[in-house]
Every structure is written in structure tokens, then in C-alpha cells.
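Asks: Line by line, the protein sequences are chains C and G.
Numbered according to the numbering used here, the first sequence spans residues 12 to 363.
Numbered according to the numbering used here, the second sequence spans residues 12 to 363.
One or more hints might be untrue.
To be verified - In silico PhoX-like pairs for lysine-lysine, Cα to Cα no more than 25 angstroms straight-line: (1) Lys187/G with Lys161/C; (2) Lys189/C with Lys273/C; (3) Lys42/G with Lys189/G; (4) Lys42/G with Lys187/G; (5) Lys273/G with Lys189/G; (6) Lys161/G with Lys42/C; (7) Lys161/G with Lys333/G; (8) Lys161/G with Lys161/C; (9) Lys189/C with Lys236/C.
To be verified - Some but not every residue of chain C turned toward chain G, in silico, with C-beta under 7 angstroms: (10) Gly166; (11) Gly288; (12) His330.
Unchecked claim - Computed footprint of chain C on chain G; a stretch qualifies when at least three of its residues, placed anywhere within it, have a C-beta under 8 angstroms from a C-beta of chain C: (13) 111-121; (14) 234-241; (15) 256-267.
Treat the hints as calculated values from the structure; they're not laboratory data.
Glycine included, C-beta positions come from ideal geometry on N, C-alpha and C.
2 protein chains.
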Amino acid sequence: MTDKSDFLGWTCPRPLQNYPTIVMGHGAGGKMMNDLIRHLFAAQFQNPVLGRLADAATLQVNGSRLAFTTDSFVVSPLFFPGGDIGELAVNGTINDLAAVGARPLYLSVGFILEEGLPMEVLGRISGSIARACARAGVQIAAGDTKVVNKGHGDGIYINTSGLGLIPDGVAISPDKAKPGDVVLVSGTMGDHGVAVMSVREGFKFQTEIKSDTAPLADMVQEMIKAAGEIHCLRDATRGGLAAVLNELAEASQVGIEFDETKVPVRAEVLAACELLGLDPLFIANEGKMVVIVPPESSDRVLAAMRESPSGREAAVIGHVAKEHPGMVLARTEIGGTRVVDLPAGELLPRIC
Amino acid sequence: MTDKSDFLGWTCPRPLQNYPTIVMGHGAGGKMMNDLIRHLFAAQFQNPVLGRLADAATLQVNGSRLAFTTDSFVVSPLFFPGGDIGELAVNGTINDLAAVGARPLYLSVGFILEEGLPMEVLGRISGSIARACARAGVQIAAGDTKVVNKGHGDGIYINTSGLGLIPDGVAISPDKAKPGDVVLVSGTMGDHGVAVMSVREGFKFQTEIKSDTAPLADMVQEMIKAAGEIHCLRDATRGGLAAVLNELAEASQVGIEFDETKVPVRAEVLAACELLGLDPLFIANEGKMVVIVPPESSDRVLAAMRESPSGREAAVIGHVAKEHPGMVLARTEIGGTRVVDLPAGELLPRIC
């Protein structure tokens, strides 16, 4: 036994030993999940590749730089306005590859099916996977199917892992943000999370809120061409914009300051969030990149994003500061400043 | 909508439309799973890479030949004699890479955790994953953690995807068996399935039956060195030896004949099987390769297997025939011959 995890010795401010069992927040993309990853998984699995904690690993294999990533999808319900679990599984993994600048090439798909799942539902979801792959120009190279007893699954869980090729000269990484850099988002925040929650909770809004699930790899390649150099990219999924900015500030040991009024949010999403007491900055997206670039190229990158169907509402929202490293500050509508922290645990569970 | 699945038009002898819902047999590695893969997934996802249906896909990326595979693990219980779900997840994916002759390099690990899972259990399983990786010389490059509500999972499901490099000159494929080739197995059959089932059902045998979970990539590299050329390799998991021989006979369009008395089976596994009315040829293994090689190299390959700690009980069991393409025949103990068909559905569910 060389178990390197140390349940008793952990002394971080939000120690894992306060949770003797897994709770929903451990999968929610916030502090609790970070604690689990750092204190348990990273402690046990530690190696130089995993240590970078980017959306996808960058691997040197036989002279090529490959991107490799994995994601399991447990979204409930399986179908929601604007998409379904199949489309989400393809786009989510493509976007993790895109976030290190890779061209996605191949996906694997692992199904965990619950006994009793209607064959017709599986047919619709696999059709959706096939269309999402065709749209993004990737191929499914490997698959696996497991069946679990009725009551021991939730219809269908999907794991997609992805493999991509990083073009020469591209070196995008969460730790490359520099003071003076410009922070952009590729579009409106919160659409996916609010769309899933609305259908789950049975809310009806006048305008249907749709998931923003979309593959972003083509847009990223255009951004790279336009920019010359992109410092950081991150797919703003679980934990939303707030989590991503905190992770980038932490990884680069810089401060990030942004203007709340410049963050694009659909009026209907904002209305739903106000009704439900949620903050759109903390809500998952499934087709949005957070982008950090040197100031001299920000106009060109913004223009490239707006040319893409997935980036029409892209916006500059802030900048990287030398002060308060690791912290994210928002300028509020009324002119004040507030600290935007990493969410603790669960805001909206089972959102992806 | 370009859904290519065609529920009504299927006319295969065991049509999927007889099953309007998923049943346990769809995940059991037999005919029902093959039908699901062929008529639903392959129909929708079709592409040249996936069409080969090997244990791992062989991909040409930037001048390198990569092996890529995925596997989800839903074994119940999580701990069993000789191993646990974590070790199984690492070795299973390594063996799929090994079966195309690849050197395994990197794994991804995706956890689906059930709310309420004791943190100590997760710690033991991730420790087991770390040790299995160290043993096999692979690194975990990417990970993902999702949490599902209590009652909607089963403690822990693990997906591992794997990436390996196929050395120059190696071209192992299920469709390369030729009449006259020799068929070997790397050791005893049925250990894993019987070990899991024994603990699940609470059977006590005089000698504890242990899972054979083991990484086989090093043994395979030694076999390649010894053989010059290996035609087919397959990891004998779900569906056991019977399923693998049928798949190879079908893919190569050859007959396979083997001698039942030459298949190594532990006395205690045989006794358990007789008690329970099971056939060890149909039971899952997690550390055994089925090997098909040209006759001139079979002695050298057998010797190389026996040198490895995972192949000490390797044996020649039969040969490839020109007659009855796609069929597997066994010579029985009393001198007769029987057809060994692909198992239909579920023998032992949730075995991996």
C-alpha cells in the first residue's frame, strides 16, 4: 500500500475531511470539486502532464503535440431546449480540445445505459451524437456500451474522450495571462444552465431559453490566425464565468478585473436569474470561451470571434492586473467593486 | 434530421426491434450487444476507423500510428478478490491498447460518483488506480468528476480512455487470421468472472478464486519481439474466450477449431462453474489474451508468453481452418465436436 492521500493531515481552509462522503457539490465545478481534485486525485495521480490542470492535456507523442481530454455527461433531463445529452457530450469535449488550441480529430464514446431505457431514446441520442460529430468534422474512433440494472443509473450517462492535434507555434495555457492583457468572452453567459434548469423545474418563460451548446474549435482556429498569440482560453462550463476567471487568475498569479455591465447576458436569462436568485456569472455555458490576449491583438481577436456563428455577441469585458494576484474583481453597475469568488459547491447540479 | 437508424426496417435474425427497451444483455458482450452496436451505433457513427471493430482504434495522426480506446466500468461489487474497480479500469484499457500491439502511454479517468459514496472508498479506489498506472508505466493525463444524486448511480462508475503508440511494422488486426495459423491463450480462463460472481452471490469455496486482472502490454511487446508477426490479439473480457474466437472467425472469415481439453481452467473455477451451470469458455477474464500467429512462430510466442508473469500458464489451444468460415468448433473431451456460438446475452452482468 502506497496510498498517498492523507485524510487526517489535510489542513486547507476548506478541508475535505469535513465531508466524509461525496455530496453533490463535489461535482459542481467550484471549490469543493477543486479540493477533491487537489487533495485526493492530484495527490495520488501526480505527474507533470496532469499538473497543468488545463481543459485538455498537452502531450508530446512521437514528435507531435496532441491534446487529450475526457468528460462524463450526466445532465438531467436528457433532452432540453436547444440540445440533448448527445450533442452536449460531443461539443463539450470538442471545446476542451479547442481551449488548448487543438484541431479536434477523434472522439471516443462510452455509454452507461440503464436497463429499461427506451431504444427509441437511445436512437435519438446517438443520432444527435452523429450529427454533432459531422457538424464539427470529428470522427468517433472508439466506443463502449455498459448496461446497469434498473434503478442504478439514470437513463443514460455518456463519457466522451477526445484527441486533437495542436498546430505548431500554438501555446495556450491557463498560466499565461499577463498584466495588461485583455479579457473577452465569446458571447452571452448563463444560457445553458438556465435552459436545463427551466425544463427540469417546469418553469415557463415568455421567450424559451435555449442551451448555447456549440462546437467552438473552428472559431478558435480563426482567432489564432487573427491574433498571432492567445495567452489563455477556457470553456466556461460548470461554475460559469466566475469559476473560469478565478482559475485563470490563480494559475497565472495575476488579478483579473472586469466590468459587470459589459458581460453579455440575454434579457430572458437575466430575468430568470433574478426570479430564482441566481447570478448568471456562476451559471454553466456549453458554447462559450473566455479569452485572454495581449492588448495589441484584442481588436483582431474580437473581430474574428464576431465573424463566427458562435461568437456574434463576443465582447471585451475586462483586463488582467498586476495587483491582487489570484483575485477576480468586478466593477458593478453602480460603480462599486466586488470580489467575485470561486463558487463553493452546488449551484445547479446535473447541468452537464 | 438525418437519423440513420432504422428501427422498423431491421431484418437481421435477432432483430433489435424485439427489444423496445435496453435490457441487461445489451451490455454483456454477446449477440445482443453486437446487434446494438451494428444496427444502431455503427449505422449512425459509421466511418472507416470505427468500422474495424478492434479492441482499440488505430489512428494515423501527423505521421504516427496511435491506438485509442475507451471503456466504462460498472462492476458490482466495487471490491472483489484480487482487485477492485480502479485496478480493473486501468488494466482493462491498457489491455485494449496492447491488443493492437501498442505501447500504452496515457489514460484519462472519468468518475461518476454517487452522492453519499464514502470518501474513504473513493480514496482506496483512486489509490488503486495510481498503483496500477505505476505498475504499467502509464500516466493519467486527464480527468473528470461528476456527481449524481443518491439512488441514481451505484457508488462509482469509472471510464478510462487510453492512448498508445503502435511501433513501426506492427499490424495486428482481428481480420488477419489465416488457415493454418495457431491459436493460443495466455493463461487460465474464467477467473475474473467467477471471482466477482462468488463475492456478489456470497459463495464460499475452499480455495478463494481471485480475479486475474493484470496489464498485458509488456508481455505483448515481448511476444512481438519473439514472433516477428502476430496476426490477431484480443483481450478475452465480456463473453469470454467463446465470444473472442467467434469475433475473430467472423472478422477474418475463417473457421477456428480448438481442443476443449487444452484450454487452461483452474480446478476451483471449473468446480464453481459446474456447481452453477456455467461454461468457463463464456466467462470474462481481465488479464488474458487470445493470440493467433503463423505456425512457424507459435513456439517462440508461447515461450515469450510463459516468460511473462502474466503468461505462465499460456497454452496452444487450436488452429485456424479454411472450412466453415465464421464458425468456431470445439473438440470435446469425449472426442466429439460441437459448435461454440457467440453467447446471446447476459451470462454474468456487471462483471467489469
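Asks: None of the hints should be skipped; say for each whether it holds.
Replies: Taking the hints in turn, this is what the structure says about them:
no.: 1; hint: Lys187/G with Lys161/C; verdict: violated (40 angstroms)
no.: 2; hint: Lys189/C with Lys273/C; verdict: holds (21 angstroms)
no.: 3; hint: Lys42/G with Lys189/G; verdict: holds (24 angstroms)
no.: 4; hint: Lys42/G with Lys187/G; verdict: holds (22 angstroms)
no.: 5; hint: Lys273/G with Lys189/G; verdict: holds (21 angstroms)
no.: 6; hint: Lys161/G with Lys42/C; verdict: holds (21 angstroms)
no.: 7; hint: Lys161/G with Lys333/G; verdict: violated (54 angstroms)
no.: 8; hint: Lys161/G with Lys161/C; verdict: holds (14 angstroms)
no.: 9; hint: Lys189/C with Lys236/C; verdict: holds (20 angstroms)
no.: 10; hint: Gly166; verdict: violated (9 angstroms)
no.: 11; hint: Gly288; verdict: violated (21 angstroms)
no.: 12; hint: His330; verdict: violated (30 angstroms)
no.: 13; hint: 111-121; verdict: holds (count 5)
no.: 14; hint: 234-241; verdict: violated (count 0)
no.: 15; hint: 256-267; verdict: violated (count 0)
Violation of the numbered hints given earlier is confined to hints 1, 7, 10, 11, 12, 14 and 15; the remaining hints are satisfied by the structure.
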